[in-house]
Amino acid sequence: MKNLIKIVILLLIVDSCAKIPNTQNLNYSLGGGVFVVNEGNFRGGNGSLSFYSYDSSKIYNDLFYSVNGRPLGDVPNSMAIKGDEAYIVVNNSGKIEIVDQATLESKSTINGLISPRNISFINDYKAYVSSLYSDSVTIINLIDNSITGYINLRRTSESIAVAGNKAFISYWTEGKEIMVINTLNDKVVDSIQVGIEPESMAFDKYGMLWVLCNGGYTRQNYAELIEINTASNSVEKTFVFPTKEDSPSCLKIDGTGQTLYYLDNGIRQMDINATDLPYVPFILPESGQYFYKIGINPINNDVFVTDAVDFVQQGYVLLYAESGKLISKLKAGIIPGSMCFKIIINP
Amino acid sequence: MRYVISRNRDLHLKNILFYIVIFFSLPLHAQLSIVNDTIKIKEVVISRNKFSSDPEGYKKTIIDSSILINYSNRNLSDMISENTDIFIKSYGMGGTATPAFRGTGANHTLIDWNGININSPMLGQSDLSLIPVGLIDDVQIYFGGASMSLNDGGIGGTINLETKPEWKKETLISVNTGIGSFGQYTGLIKAKTGNYKFQTVTKGYFQNSENNFRYLNSEISSEPVWQTRTNNQLRQNGFIQELYLNNEKSITSARIWYQNTERNLPASLLTEPNSGERQLDESLRTMLNYDAYRGRSNFSFTGSWMLSRLNYFNPLALIDSRNLSEILILKASLENPIGKYAKLKVVIDEQSDIITSNNYNHKTTRNTSTLTASIERKKERFGTTILVREILDKNTLLLPDFSSGIQFRIIDEKEYYIKANVSRNSKIPSMNDMYWVPGGNPDLKNEYALIYEISYEMNLKISDPLKIKYDLSVFRYNIKDMIQWHPGEYSYWTADNIENVNSTGAETSLALDYVLNNLNASMKAGYSFTRAIAGGSKIENDISIGKQLMYIPENQANASFRIGYKNVYSSWTANFNGKRYITVDNSNYLPGYFINNFIAGIKFRLKSSSIDTNFNIDNLFNINYQSIAYYPLPGRSYFLKILVQFVK
Chain A
1 MKNLIKIVIL
11 LLIVDSCAKI
21 PNTQNLNYSL
31 GGGVFVVNEG
41 NFRGGNGSLS
51 FYSYDSSKIY
61 NDLFYSVNGR
71 PLGDVPNSMA
81 IKGDEAYIVV
91 NNSGKIEIVD
101 QATLESKSTI
111 NGLISPRNIS
121 FINDYKAYVS
131 SLYSDSVTII
141 NLIDNSITGY
151 INLRRTSESI
161 AVAGNKAFIS
171 YWTEGKEIMV
181 INTLNDKVVD
191 SIQVGIEPES
201 MAFDKYGMLW
211 VLCNGGYTRQ
221 NYAELIEINT
231 ASNSVEKTFV
241 FPTKEDSPSC
251 LKIDGTGQTL
261 YYLDNGIRQM
271 DINATDLPYV
281 PFILPESGQY
291 FYKIGINPIN
301 NDVFVTDAVD
311 FVQQGYVLLY
321 AESGKLISKL
331 KAGIIPGSMC
341 FKIIINP
Chain B
1 MRYVISRNRD
11 LHLKNILFYI
21 VIFFSLPLHA
31 QLSIVNDTIK
41 IKEVVISRNK
51 FSSDPEGYKK
61 TIIDSSILIN
71 YSNRNLSDMI
81 SENTDIFIKS
91 YGMGGTATPA
101 FRGTGANHTL
111 IDWNGININS
121 PMLGQSDLSL
131 IPVGLIDDVQ
141 IYFGGASMSL
151 NDGGIGGTIN
161 LETKPEWKKE
171 TLISVNTGIG
181 SFGQYTGLIK
191 AKTGNYKFQT
201 VTKGYFQNSE
211 NNFRYLNSEI
221 SSEPVWQTRT
231 NNQLRQNGFI
241 QELYLNNEKS
251 ITSARIWYQN
261 TERNLPASLL
271 TEPNSGERQL
281 DESLRTMLNY
291 DAYRGRSNFS
301 FTGSWMLSRL
311 NYFNPLALID
321 SRNLSEILIL
331 KASLENPIGK
341 YAKLKVVIDE
351 QSDIITSNNY
361 NHKTTRNTST
371 LTASIERKKE
381 RFGTTILVRE
391 ILDKNTLLLP
401 DFSSGIQFRI
411 IDEKEYYIKA
421 NVSRNSKIPS
431 MNDMYWVPGG
441 NPDLKNEYAL
451 IYEISYEMNL
461 KISDPLKIKY
471 DLSVFRYNIK
481 DMIQWHPGEY
491 SYWTADNIEN
501 VNSTGAETSL
511 ALDYVLNNLN
521 ASMKAGYSFT
531 RAIAGGSKIE
541 NDISIGKQLM
551 YIPENQANAS
561 FRIGYKNVYS
571 SWTANFNGKR
581 YITVDNSNYL
591 PGYFINNFIA
601 GIKFRLKSSS
611 IDTNFNIDNL
621 FNINYQSIAY
631 YPLPGRSYFL
641 KILVQFVK
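From first to last, the protein sequence lines are chains A and B. Under my numbering, the residue at position 210 of the first sequence is numbered 210, and the numbers go up by one with no gaps. Under my numbering, the residue at position 121 of the second sequence is numbered 121, and the numbers go up by one with no gaps.
Looking at chain B on its own, in the form it has when it is part of the complex (with noise of 0.2 Å):
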C-alpha cells in the first residue's frame, strides 16, 4: 500500500504511549490463561432508538446496540447518517465528515466523550469520520434543549458517546477483523477483566484504506466517465484503556484514548486530481472521574485533559498548517434531593484551551467557566425540568442562558408521554473564528438560539412477542448572531455575527419488535422535515433570506427490517436524503439520493468462544450520488467481518 503521508513526525508521544498500553495491559496476559469452555454470548436486543425517561420533558434517544456491533469496524459518519435524522455533509469514503443537526451548523453539535465535550476548540466542530464505532460502548442523541444538561454551545444537540464498564466477574478477548473493497483492512481488539470491584478495558482499533473506488464523471465531459479516486489513502490506529474501581458508595475510574489518522484528501471533481493535499489528526484525551453516592445524594468530579494535533499540507499551494490544541477541563457536579420528589443538581465547568498555531499570531488561550444550576421535579405523572446556567468567557459574564422542560404522562403505569422545553441556548465562537490570522474577529459576540420543542412518545406491549415505539416531534429554532465569514475591507475574508436563521421541522419514527423463541424481528421506520431559512442578514438586498439553506435536506428518511433466528441473522437499512441546494438563492441543487445496506450473519459457539462472522452489502443498488458537490461517494461495495470472541 503506497502512502504519500509524511513519516517525519515527532514519534516521542508515540513512544510514551505505547510504554502506558503495555502498563496496563499486564494484567489482561496473567488472565488469558485461564479462559475455560463456558462461553456468554451478550444478549443483542434487536431494536433501534430505545427512549430514556431523562432529562424531564426532553428528547434523548440511544441507539441501540445490535446497531452499534453492525458498525464495529466503521466510522461514526456512516452510521449517524444512516440510522438517526442527523444529515451528514461528507467528502466521501476517509474525508471529513461533519453534523448537521435540525437544520443547524457543524460547530452547533457537539460531540461528547462521557459528557466531556471534544469538538476542536480551534474548529468548534468534529470530524465525525475519526471516530470509529468499535470504540464506543453507547451513543446517546440529545436534541435541542437536552443537550444543556450535559454542556452549553450544543445548540442543535449533542451526540455523547459512552465508554462504560459493566460490572460482572469476567474476563472477555475479541478480535474484530474486517475487509473490504477499496483496499479496506480493519481491525479491533478488545480485553476485558474484572470483578464487581475492578474493571480494566483495553481496546486497539487500526484501519488501513486505499479508498481508491470507481465513479462515474459527468463533469469533465458531456459523456460521462469512469474514473478512479485518487490520493485517498487512509491510515488510522488508536486504542482506548479504561479503568474502573467501585467502591460501593463511589466509583472511580481513569480513561485515556489515542488515536492517530493520516489521510491524503482527494480532489473535487473539477479541480487538478493530484495536489498531494494530507492531512494529519493525532489526539490523546485522558479523563479521570469519581462519583460519590450517598443515599440520593451524589457529588462527581472529573478532570480531563485533552492534546489534539491537526497538520495539515498542501504542497502545491505550499501551505503547512500545523494546529496543536491542548484543553483542561475540570467539572464538578453535586446533586441533592429536595423534598421527597425534587432534586437540586449544581455543576461548575471550567475550561482551558491553549492553542499553539502558525495560523496564529501567538499562542493563544482562552478560559471558560460555567455555573449551571438546575431543578428536576417528578411526582405521579408530571416531570419538570428548570436549568440557569451562566458562562464567563474572557472574564465578561454572558446573558444567562436558561431551559425549562415540563413531561407528561397521559395514562398511569403506561408509557404515553407529552414533552415541551423551551430553551436559550449560547455558543461561544470558535477560536478560529476570533483568532486565526488573517481575518479572525476578536469581538465577535456569542451565537445564541431561542429553541422550542414538543414530542409525543409510545411505548406500548401489544402482547407478549410484538412491542411497538413511536415518537413524533416538532421544533423550532431562532438561531440569532450566527457567525459567518464575509469578504471584509481588503483582500481577506473576516468573521462577523452576520445572520439570524430560523429552522422549523417535525421528527417522527416508529419501531416495532417481535421477539418469539428463536426469532426475532424489527423493523423501524423514521422521517424528518426541515424548514431552516435564513432569516434577517446584515446584507442589503440579501436574496438569500427565506431561502432554504445551502446543505440542508428538508425531507429525510430511513428504515430499517432486522430479523435473526436461531444463529443467522440479516437486516436491511434505507437512507434517504432529499434535495441539498448548493446555491444560497436555492438556483442550483444535488439531488436526493436513496441508499439500501444489506448485511447477512451467522453465529457459531465453539466452547469457550464463539464466531460471528458477517458479510455486509454496501449501496446495493449502485446508487452515483455526492453528499457535497463535485466530491463523489462510492457505489456498490462489500465488507467481510469477522469476530471471535472468547469469554470466561
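This is chain A alone, in the form it adopts within the complex (with noise of 0.2 Å):
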C-alpha cells in the first residue's frame, strides 16, 4: 500500500504542462543565405522556419521557435523581407508574424487576417496581402503594421507581382484572370484572361511578366504558360502543355531576369526566348523525392529546391549549382515549402 501511494504522489508530479521544445542550436548565421518557411500539417500547428547559411553551409530549424518561445503557427506559406524586418504570413493562422530578419525576434503581429498567402511590399509604407478564401486584397500600412483596408477583387487571390504603378493578382483557385490594381489609389483598373488556376507569377529582364497556369486539380484542361505585357496588359505569348497531366507549379526566374524554372515531374528551365516548353527536365527528383517548391539565388543562380518526402515526415532542402550538380542535402522541417532570400551585398 505503501508502494502505492509513493506511486500515485509520483504520477501526481510527473504532470503535464510544459511541452518539451525541439529545441535547436541558436547560432544561426547572420550572414547571407535562404529562409525556409516550413508549412507543416494543417491545423497540426507544426509549422516551422529555417534558415541555410552560406557561410557555414549549415541549415538552422525550428528558429522561430527558438528565438520567440512559441510556436509560429499554423501552416506559415511565405516570407518577405523588407529592410530590418521579415514578414512571416501564416496562412491558418490568419496572421503575419513581423521579426527582426537578423535576430528573428518577434517585434510585431497583425491578426484578423483571412487565410493569407503571399504579401507583396508596393513601397516602403505600404504591402499588399492576397487571400485564399476572402475575395479581398488586404493592404497594409508597414509603419505601424496594421491593416489599412481591403480592395475588393470579387474573386480570391494568390500570387503578387508588382511593377511601376501597377499590381498583378493571380486569381488561383478555380479562377483564369490577373487582377490589375492601381497602387496609387489601391482600384481595380484591369483584369487579362489567363489559362485555368494562374498560381505563380515571374518578371523577366524586359519587364514582361510570365504567368504559370496550372490547369486545375481536376485535370480536365491544360496547363499554360503565358508571357503578359505589363504596359498594356495583354498576352504576349502562350504556351500550352503537351497533357492534361502536366500540373505544372511554382514558377521562379533567375537573378538576370533571363531563365524560368518551374516543377513539372521534376525541375524545368526555360530561356525566356525559347519557342517551345522544355521537355527534358534540368534535375530530376529521385525515387522517394516529393519536390514542392523552388527557389533560384538571384546573386548565383543557385537552385534550391524542397523534398517534402510524405508530407508528415521532415522535409529536405536539395541545393544544386547553377549546371544542376547536386551540392548539398539538408533536413528541414515538415513540409518545406516556399523559399526567401537573404542577400548580404557586402557580406
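Since the hints were derived computationally from the structure, they do not count as laboratory data. Don't take each hint at face value.
[Said to hold, decoys possible] Result set (DSS-like, lysine-lysine): computed pairs, CA atoms no more than 30 Å apart in a straight line:
no., chain 1, residue 1, chain 2, residue 2
1, B, K547, B, K603
2, B, K345, B, K331
3, A, K329, B, K547
4, B, K480, B, K603
5, B, K648, A, K331
6, A, K244, B, K363
7, A, K58, B, K547
8, B, K547, A, K331
Two chains, two frames, some hints: make the complex.
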C-alpha cells in the first residue's frame, strides 16, 4: 500500500504542462542565405522556420520557436524581407508575424487576416496581402503594421507581382484571370484572361510578366505558361503544356531575368526566348522525393528545391549549382515550402 | 444561450419522429397513475469489469453498471477514456473523439449497437462524443479477435452498446437532470413498463452546453495567458424507443434511436479563434429483431435501417459539405448443437450503403455480403472456438478471414483461465477512402491484420465479503496494407495502401470487491503498455519506420476506488496517459497527463420514489493538458446531478 501511495504521488508530480520544445542551436549565421518556410500539417501547428547559411553551409531549423519561445503558427506559407524586418505570412493562423530579419525576434503581429497567402511590398509604406478565401486583398500600413483597408477583387487571390504603379494579382483557385490594381489609389483597373488557375508569376529582364497556369486539380484542362506585356496588359505568348497530366507549379526566374524555372515532374529550365516548353527536365527527383517548391538565388543562380517526402515527416532542402550538380541535401522541417533569400551585398 | 448553428434545416424528419414518439409513449401515460408506495431500487453492484466466459478463448469485458450510472449524463468518450485502456483522441469538450484500441486507428474500432455496426460507412469510424451513456443499458468491449464474433473489420476491437429489456412486471419512470460548469445542462428521462411478456422502454435525452472553459494558452506568446474557449457550443437531443415481446420460445423486438447534435467547432490554439465552423450530426437508427429458441438451437434475424446525416460548414473557407448515408443491414444466424459439447453457428450478413454527398461524383452504393461459420466446443476444462469468414465485396470474394481461440480452466470449479487466440481480420476501405473527390481511390485493397493474443484471467472469492479479480493479456498485431492519404501526382492527396504497422503490448488489471452489511467498497487498478511501430512503407528512407505511431501512448494506467455506506457513496477515479508523439519521427510529443475525478452522493427513499443526488469534481487538480496538440481540455469543473425515480 505504501508503494502504491508512492506511485500515486510520483504520478502526480510527473505532470504535464510544459511541452518539451524541439530546441536547436541558436547560433545561426547572420550572413547571407535563404529562409525556408516549413508549412507543417494543416491544423497540426507544426510549421516552422529554417535558415540555410552560405557562411557555414548548414541549415538551422525551428528558429522562430527557439528565439521567441512559441510556435510560429499553423501553416506558415511565405516570407518576405523589407529593410530590417521579415514578414512571415501564416495562412491558417490568419496572421503575419513580423520579426527582426537578423535576430528573428518577434517585433509585431498582424492578426485578423482571412487565410493570407503572400505579401508584396508596394513601397516603403504599403504592402498587399493575398487571400485564399477572402474576395479582397488586404492593404497593410508598413509604418505601424496595421490593416488599413481592402481592395475588393470579388475573387480570391494568390500571387502578387508589382511593376511601377501596377500590381498584378492572380485569381488562382478555380480562376483564370490576372487582376490589375493601380497601386496609387488601390483600385482595380483591368483584368487579363489567362489559363485555368494562374498559380505563380515572375518578371523577366524586359519587364514582361510570366504567368504559370496550373490547369486546375481536376486535370480537365491543359496547363499554360503565358507571357504578359505589363504596359498594355495583354497576352504576348501562350505555351500550352502537352498533356492534361502536366501539372506545373512554382514559376521562378534567375537573377538576370533570363531563365525561367518551374516544377513539372522535376525542375524545368526555360530561356525566356525559347519557342517551346522544355521537354526534358533540368533536374529529376530521385525515387521517394517529392519536389514541392523551388527558389533561385538571384546572385549566383543556385537552385534550391524542397523535398516534402510524404508531407508528414521532416523534409529536405536540396541545393544544386546553376549547372544542376547537387551540392548538398539538408534536413528541414515538415513540408518545407517557399523560400526567401537573404542577400548580403557586402558581407 | 447563443447558437450560431443554422436552423434552416429540413424539419420533416423531426416531425415524423415526434409522432412516432408520441405513439409509442401513449401506453406509458396510462401506467403513470398506478405508481404506488412501494419502490424497488435496483441493486448496484460495485465492481468494475466483469469477465464473461464467451466467446471461448477471447477477451471480453463488460463495463460495470455502477460506472454507467455515474456517467449517465456524459458521453461514451468520457467513460471509455477514464475507465478503460482504450485511448481517446479528443478535440476537447463537445469536440470529436475517436478511439485508438491497442495501437490501431479510429477506423479499426467498431461501435456496435446490439451487434449491428453503427460506424459511419463514409468515415469508417464513430465519434464517441456523440453517444450519450444514459441511453445505453450495457457496454461490452471485445478485444482483438473477439470482435470477429460480432462483425468483420474490428481489427482493434469492438465496443458493443446494448439496449435491452428487464423481464419483470414493473413500471419505472426516472428523471435525471444535471447542471455543471461551462453552461452544461443535461436531462435524461426514462420510462419503462411491462410484464414478463411485453416491455416498452422510452428514453429521451438532451444536452445544452456552452463549453466556454478557461485555459492557459502558452502558444501565442512566450508568457502564458488565460483565455476562454469560444465557438464551442453544443446542443444535442435524442431518444430511444424499444418494444419487446416475449413469446416463450421467441423474443421479438423493435428499436428506434434518433439523435440530433448541432455543434460549433472551436479552432486550434494557433488558428483564427472564430472561423464559424459548425457541424450537424443527425441519425435515425431502426432495428427489428427476432430470436427463436428450440432447445439448444436458436435462430436469430435482425434487420436494421439507418440514416445518418453529417453536414459540415466552414463559412470562411466557403465549405458546405453535405453527406447522407443510408444503411440497410440484414443479418440472420442459426445456432445448432453438434453432439453434446459443441455447437455450430452460421451467420449471413448483408449490408448496403447508399451515400449521397456533394463530395462524391454521384450517389454511390456499396453492397457487402458476409458468411461466417463458427464452431465452439466446451468440454470440462477445455473450450475452443474456430471461426471462418468469407466477405463478398463489390462482387469480389476476399481472402477468407479466420479466428481460432482456446481456453483452459486451470482448476476445476475455480475461475482461473488461460486463453489464447490467433486471428486474421480484414477491414474493407471506407467509402471516403474510395470515392471522395478528389483523392478517393476505388482500387484500394482491404486492410488486414494478423492478431495474436494470450491472456490469463482469475476470479477468486477470498472470503465471504472479499473478492478479487485479475487479468493479464499480451497481444501482437501485424497490420498490413494500412490505408493512408498521401500527396499524389497532382495538387491533392490520395488514398493508398501504404503502410504496415506492428503493435505489441500488454494489459493488466486488478480489482478487489468488499461487501459486508451496509458497506461496499471496491478498488480497481489497470495498466497497459502499447508499442505500435510503423513497419515497412512504400516511401524510401522513411524515417518513421521503427518509430511509435503518432498519438498512441505507450503507457496508460487507470485506478478507481469506490465506497458506499448505507445511503452515501463516493468514488475516486484516476487516469494516466503517457506521452504521445506528435511527429512521425518521434521528435516532438505531448507530455503525459494524470487526471483525477471525484464523486460524492447520497440516496433517499421516499415512499414510491427515490432520489439520488451526487456532486462531481472533474480534473480535481486542475491539470492543464491536451489530448490533441493545440486543442485545450478543461481544468477543474463541477457537475451536480439529481436522479428521481418512481417504481411500481
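Evaluated hints:
1. K547(B) x K603(B): violated (51 Å)
2. K345(B) x K331(B): OK: K345(B) and K331(B) at ~13 Å, within 30 Å.
3. K329(A) x K547(B): holds (23 Å)
4. K480(B) x K603(B): violated (52 Å)
5. K648(B) x K331(A): Distance ~72 Å between K648(B) and K331(A) Cα, so the pair is violated.
6. K244(A) x K363(B): It holds: about 27 Å lies between the C-alpha atoms, which stays within 30 Å.
7. K58(A) x K547(B): holds (26 Å)
8. K547(B) x K331(A): Roughly 18 Å between the alpha carbons, so the hint for K547(B) and K331(A) holds.
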